Amino acid sequence: MTVPNSAFSLPVQQRAFTTKELLKSLPQDCFLQQPLKAWTSVFVSVLAVALGTVGLFFAPWYLCPPLWIFTGTALTGFFILGHECGHYSFAKRKWVNECLGHLLMLPLLYPFHNWRIQHNTHHRFTNKLGGERWRQLQDVIHRRADIAWYPLRPEVWKSMSLKGRLTYQFWREWFWWLASIQNWWYELNLKRSTLSTEECSKVRLSSVLVYLFAVVALVWLYYLGGIWAMGKFWLLPWLVFHFWLSTFTRVHHSAVDIPWRVGEEWNNAEAQLYGTVHCRYPRWVEFLCHDINIHIPHHISTAIPHYHLRMAHASLKRNLGEYMRESEFSWHLFWQMGKLNLYCPEQKCYLPLSD
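So for the sequence shown, this note's numbering puts the first residue at 779; every next one is plus one.
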């Protein structure tokens, strides 16, 4: 039994591509860094978060839910700009990217270098499935396969304990729209045995900064207004942020017909084009989140700044439109994401957890 699909416009055809060929389809202006546009985006995000926070301070209780949604979405903009810093495409100077990346991610309690190292693995092995049986998870731990939203092989699922199955089903099917919390915790406590000496020192720095910030900020909020202030001004906007982070990252690379390939079957260039989805969201969400939904050009080259993603996507549509996959955010799409949890590489299809 496979999961039905009707939420995506599928590519008309597929053919072999090389990374060089994909890059040639993009205008050189896409790679131009423009500091004024970059820092304007930072200003917009800071202003939006500030307005949302001030609104929460003065608004009556019944206006809190829409303000939580607005503030959490604006906080997602912090993460998106930090994400760009993690790719060193925000500014030309490495130290600017690293300092700003830390500053933007600290309010989210996200460790910059921990996340950056894991995220680079996702780009390096997009939609590459780990080996057979438990080797699949070993390949993920040791960064030899994609670490983002990878489905389990059926034989791994069948050999899991009841507790393991329930945990997987909880985060992948029932509450997938908050599953980035699980990834956040994993990255905050990233195993250093898989890291180089240089990576270990950077991970230690990012983790210490997060713990220090958490203690100072959350204790301060508690002092100002107790548990309610911690929930009102931080926890609930933070949960909205994780809703968007979970949604963006899952929709980016999930569709019934997107293949997860193994070994020599996997091709990097084809994975970036065919394994990435362009999804349209309400315009205010795209604005506050700096067009992160325009994701295909970002996977073809992480050097493209966010303010050129629309230009790059338009060029790809002109040159390679028949090979691109698109969707629109909807409740049907939202429901479908919770069904893509087991993948059989031999049959090249998803299977439901009941199989």
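None of these hints come from the bench; they were simulated from the model. Since the structure is predicted, the reported quantities are computational estimates derived from the model, not experimental observations. Idealized CB from N, CA, C, for every residue including glycine. Worth double-checking, as some hints may not be accurate.
Unchecked claim - Label pairs and their computed distance ranges (CB to CB):
1) W952 with P1060: 20 to 28 Å
2) E1104 with E951: 22 to 30 Å
3) H901 with R970: 29 to 37 Å
4) Y964 with A828: 51 to 59 Å
5) C1127 with L814: 41 to 49 Å
6) S971 with Q947: 25 to 33 Å
7) L1131 with E1042: 27 to 35 Å
Stated by the list, open to error - The calculated EDC-like cross-link candidates involving lysine to aspartate or glutamate, where the alpha carbons are at most 20 Å apart (straight line), are:
8) K936 with D1069
9) K941 with E951
10) K872 with E977
11) K802 with D1035
12) K815 with E976
The hints, checked one at a time:
1. W952 with P1060: 20 to 28 Å: This hint holds: roughly 25 Å between Cβ atoms.
2. E1104 with E951: 22 to 30 Å: Holds, since E1104 and E951 (Cβ atoms, about 25 Å apart) stay within the stated range.
3. H901 with R970: 29 to 37 Å: violated (21 Å)
4. Y964 with A828: 51 to 59 Å: violated (31 Å)
5. C1127 with L814: 41 to 49 Å: Since the Cβ atoms of C1127 and L814 sit about 48 Å apart, the hinted range of 41 to 49 Å holds.
6. S971 with Q947: 25 to 33 Å: For S971 and Q947 the Cβ distance comes to about 29 Å; the hint holds.
7. L1131 with E1042: 27 to 35 Å: holds (29 Å)
8. K936 with D1069: Roughly 39 Å separates the two Cα atoms, so the pair is violated.
9. K941 with E951: The hint holds at about 15 Å.
10. K872 with E977: holds (15 Å)
11. K802 with D1035: Given pair K802, D1035 is violated - Cα atoms ~27 Å apart, limit 20 Å.
12. K815 with E976: violated (32 Å)
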